[in-house]
Structures are given as structure tokens and as C-alpha cells.
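Spelled out from the first residue to the last, the chains are:
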Amino acid sequence: MKLPFYPGCSLKAQAKNFETSGIAAAHALGVELVEIERWNCCGTVYSLTGDDLMRQVAPVRNLIRVQEFGENRMAVLCAMCYNTEKRASLRAQRNKEDLEKMNAFMDKEEDYRGEVDVVHLLEILRDEVGFDRIKDRVERPLRGLRVSPYYGCMLLRPREAGIDDADRPRVMEDLLGALGAEVIDHPYKSHCCGSYHTVDDPHLVARRAHAILSSITAHGGEIVALSCPLCKHNLDDRQELVAQLYPDFSKVPVVYFTQLMALAFGLEDAMGFDQHYVDPHPLLEEKGLLRKIKV
Amino acid sequence: MSDEKSIMERIREANKAYTTGLDDEGIEHWVTIYLMGKAYKVPADLTIMQAIEYAGYQFIRGSGCRAGFCGACATVYRKKGDYKLHAALACQTRVEDGMYLVQIPFTPAEKASYNINKEVPDEQVLLKYYPEIARCVSCNTCTKACPQELQVMDYVQAALRGDLQKTAELSFDCIQCGLCALRCPAEICQYHVGQLARRMYGKYGLSEPPSPAQRIQEIEQGRYEDQFNRLMKMGRDELEKLYNEREKE
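Listed in order, the protein sequences are those of chains A and B.
1 is the number of the first residue of the first sequence in our numbering; add one for each residue after it.
296 is the number of the first residue of the second sequence in our numbering; add one for each residue after it.
Any given hint could be a false lead.
Unchecked claim - Restricting the straight-line Cα-Cα distance to at most 25 angstroms, the calculated cross-link-like pairs of lysine-lysine (PhoX-like) are:
1. A:K12 to B:K528
2. B:K498 to A:K12
3. B:K300 to B:K528
4. B:K375 to A:K101
5. A:K16 to B:K375
6. B:K423 to A:K108
7. B:K375 to A:K12
8. B:K379 to A:K16
9. B:K379 to A:K101
Don't read these hints as lab results, they were simulated from the structure.
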């Protein structure tokens, strides 16, 4: 199955390992993520300024790129991009007046017809690949690895854009289970990581990260799986500040769910565990999932 | 004799408006254009730049090579019955009947100063010097304004995600006219961003071609000595003749 794929800016910079592992893991399951041409930044956050259509032009333009491909679906990995693109697509689909206005403004493009559906890779894995097939593909079950899924805000809210039940999501749990991991539930999985407060109030984010990660550890989790480069930054890179503020804090590795897929599928070149503040190697080596690199 | 004229006289002569001394009697087709609101009847064959001079204006800014390479003659105009604000190079665009025209003498823009040898060619370098690129909302106004027909928005987007190669390649034919920057609602100076990307990519992204080193070696080995000596002995007329009759690419 070929799917037009929207990477987004982060996957080309700070989150290269998310893209590499995602494309490789999907490929291993027969899903070809084909990068769309001439895409632009989605706008990062869906604009809530109802009357400012200028902020909707960027995400809609990407949907036109998919339409030009002759396709009607666009797959996304980054949870932020997914949320922005999904909500813009719904707005264009439901509000014809807005759509007409945007089309009139983007006069050098073909008109957007409002027909492209935005899907997250997790939805494809659940609804089209199926967890049974994923289980069959596993070469190196993540046996004994206690993984806590973290959804954050963007995969689940608002309800119309959510990929799963906002209160009791299952998709990541089921995926991690299929990979052979021990899934550790915790009450913070759909709490906010602090998001863009990380720019002007790192301490706020460090407090959020501390609450989330301590809860995960207290419930027995030893590694976190997520789908958002900003959540990853706040929960992983911010642990440096968390450790300064809370001397008793013990660090927890935070990875993209696609990296754990690459690990379980034995895709050595696509795991990308070297792009983390908290190095996941010691834990994965201890569990016998990665061979120790001899120095 | 041209040799007796001063350098300044020669430059002045070369820059004389193309239209000086035109015989209006022989001109069949005329159009009316509006320069800063005032109507002028001008020959239909002229470029915008020639037409402005025909109308009696003298360029002291907003004119340069007159060949579409230097980017000095940015022009904006509207046409009768068309809401679009068009942008063009005055030396490369023919006048049309009913054009409302004005020349843009200069684009105010700050160029970041950097030491290219000390920069790291990573994803952040363009954002470091031009953080305003993050304000791009993909409206595409810059692309519509570009007289070189570059995909300006696309290279700003490539810059935003730190793709130096793509930014450099997509902006390669930029002539720095500044029309994109004047039209940008996010107040980005696109052409400076493209220039930094090309410099970074040129320095760090491309391997050194072997030909210059080879040529330097040939020069040092004296391969061109005879030819240089012959040139040095030539008089002005002979040099001019040689230059004018040279093999052109």
C-alpha cells in the first residue's frame, strides 16, 4: 500500500530518527510512505482565530499537494502536524464558505476540493495493517521491556480530530503489546507536557515533565513511547532541568513508538537511539534487546 | 576619436537612453501608460524602462545593467480592469496600454553579518540569522511577486526546516531585486535568506571542483606565458579588435 506522507519540519531536523524509524517500520509492514512534493510547514498549531483564514492556508496547501498526487489520503507521523492538518481538513470539508475564500486567495493553485482525509500512522497500523500482522512481523519481541505510552494532547483532542477514545485510548497499548512489550498504564498519558511554554517558561515544563515521568516510574514504567517531537523535547531533553530541580529524580528514556517498532522488527539501521538526551541504550542492552557496542 | 574622450564621457554615452532622438513620425503603435498617476503616450515597442525615459524621466536609482541580471529595476504595476498588483523588472518587460506604473528605487532590508568560516552548516543556521522565517504562513505572495519566476515560498519553507541544499538550489537564480521582501506579509527578507543558504551550501555542501587547481598548476608551469606576453605587447586598438572578435560562448 502506497500512502502520500507529510513529514513536517521537525522530522527533517530534531526528530530525524522519528522519520527514519517510521518509514522503515511502515515499509516492513508493506506500507510505503511516499513523501509529498513541495510541502510547507503546517503552521505548527491549529489556529483558533476563527476569522483569520490566512492561518489555515498553510495546512490546506499541503492537502492540495496530495490532491495533485491524485490521492485522497495523507499520512502523518508528527502528532502536532497531524492535529493541525486534520482540523484544517475538517474545516475545509465542512465550511464551504471558508473553502471558497481560501481557494480564491490561493489563485495560483488548483482549487482544493475538500476531499483529502488526514490519517495518523497509528490509525493505519490499527485499522488497515492490523495488530496480528504486526505481531507476525516481530523478530525480536520486546519481552520484559516495561513501556508506558504517552499520548499527550494532539492525538486525542479535540474529539473530532482524535485517533482514539480521548479518555481511554488503546491504540498505542495494543501496538506495544503486539511488539511483545509489557505495557505500563499510568494516569498522565493524555495530560499536557507543557507544549510551547518550553520556549519562555522552561521551569513550568520541567514541573510537568517531573509529574508525568515520576508517575510513570512509580507505576513501574522504565521507558516512554510517544508520537510528538515537542512532547519528546519536553519529556526527554528537559530532564536535564528536571534533575536540577528535583535531586531525587531518576531519568527515564523517552522514544518514538516507531523506534520500538524498528527495534522489534530488527531494523538495525533505522532505530536512531542516538538522538536522545536520556540514552536508551543501557536499558535496551540490559534487557538483551540491543547488543552492547564494544569500545 | 573615442580615445580622446574621458572615461566619464564614455560611460555617459553608453548609458544614454535608447530612445533619445527617436523619430516619432515613423512609429505606428502607441500605448498610454500612467507614471505615478500621470498619463503618457509612448511607443508600444518600448520596455517599461525605455518608456519611462521616453516620457522624460531620468534614472538616478532603480536602473542598472538593463539586461535583466542586476535586479536594480524592480517595478510594480496594475493594469486596467485587473485587480492584481504585478511585479516585474522594468528593463525586461514591455509596456502595455493602461499600465499604472511606479519604480521601486530600493528595498530596505537588513542583511545579517556573519563569518562564513565560523558557521556550522546545520538545520539551525538560517533560523539563527533570520528567525522571522518562522513567521511564514505559506501565503505564496513572494512567489507571485518574483520576476525570475522562482518558487520563493518553497525555498523559505526549505529554509525553515534547515534544508540548505534545497534553499540554495531553489533560490539559485535570485537577482536580489527585493520584490518578494516588499510584498511579504510576514516581513521576511527572502533574498537574504537564500543568499546565506547558497553561501553555506557552496562552502560546506559542495565538494571542491578539480578544475581550478588544475588550471593554477598549468599557469604555474608556464603554459600560458607566451600568450600573456603577446597580449601585453598589443596596443589598444589591437586589443579592442581581439576582444570584439573573440569566440563567444
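So, going through the hints one by one against the coordinates:
no., hint, result
1, A:K12 to B:K528, "violated, 59 angstroms"
2, B:K498 to A:K12, "holds, 21 angstroms"
3, B:K300 to B:K528, "holds, 23 angstroms"
4, B:K375 to A:K101, "holds, 24 angstroms"
5, A:K16 to B:K375, "violated, 51 angstroms"
6, B:K423 to A:K108, "violated, 31 angstroms"
7, B:K375 to A:K12, "violated, 45 angstroms"
8, B:K379 to A:K16, "violated, 41 angstroms"
9, B:K379 to A:K101, "holds, 16 angstroms"
Violated hints, listed in ascending order, are 1, 5, 6, 7 and 8; each of the other numbered hints is respected by the structure.
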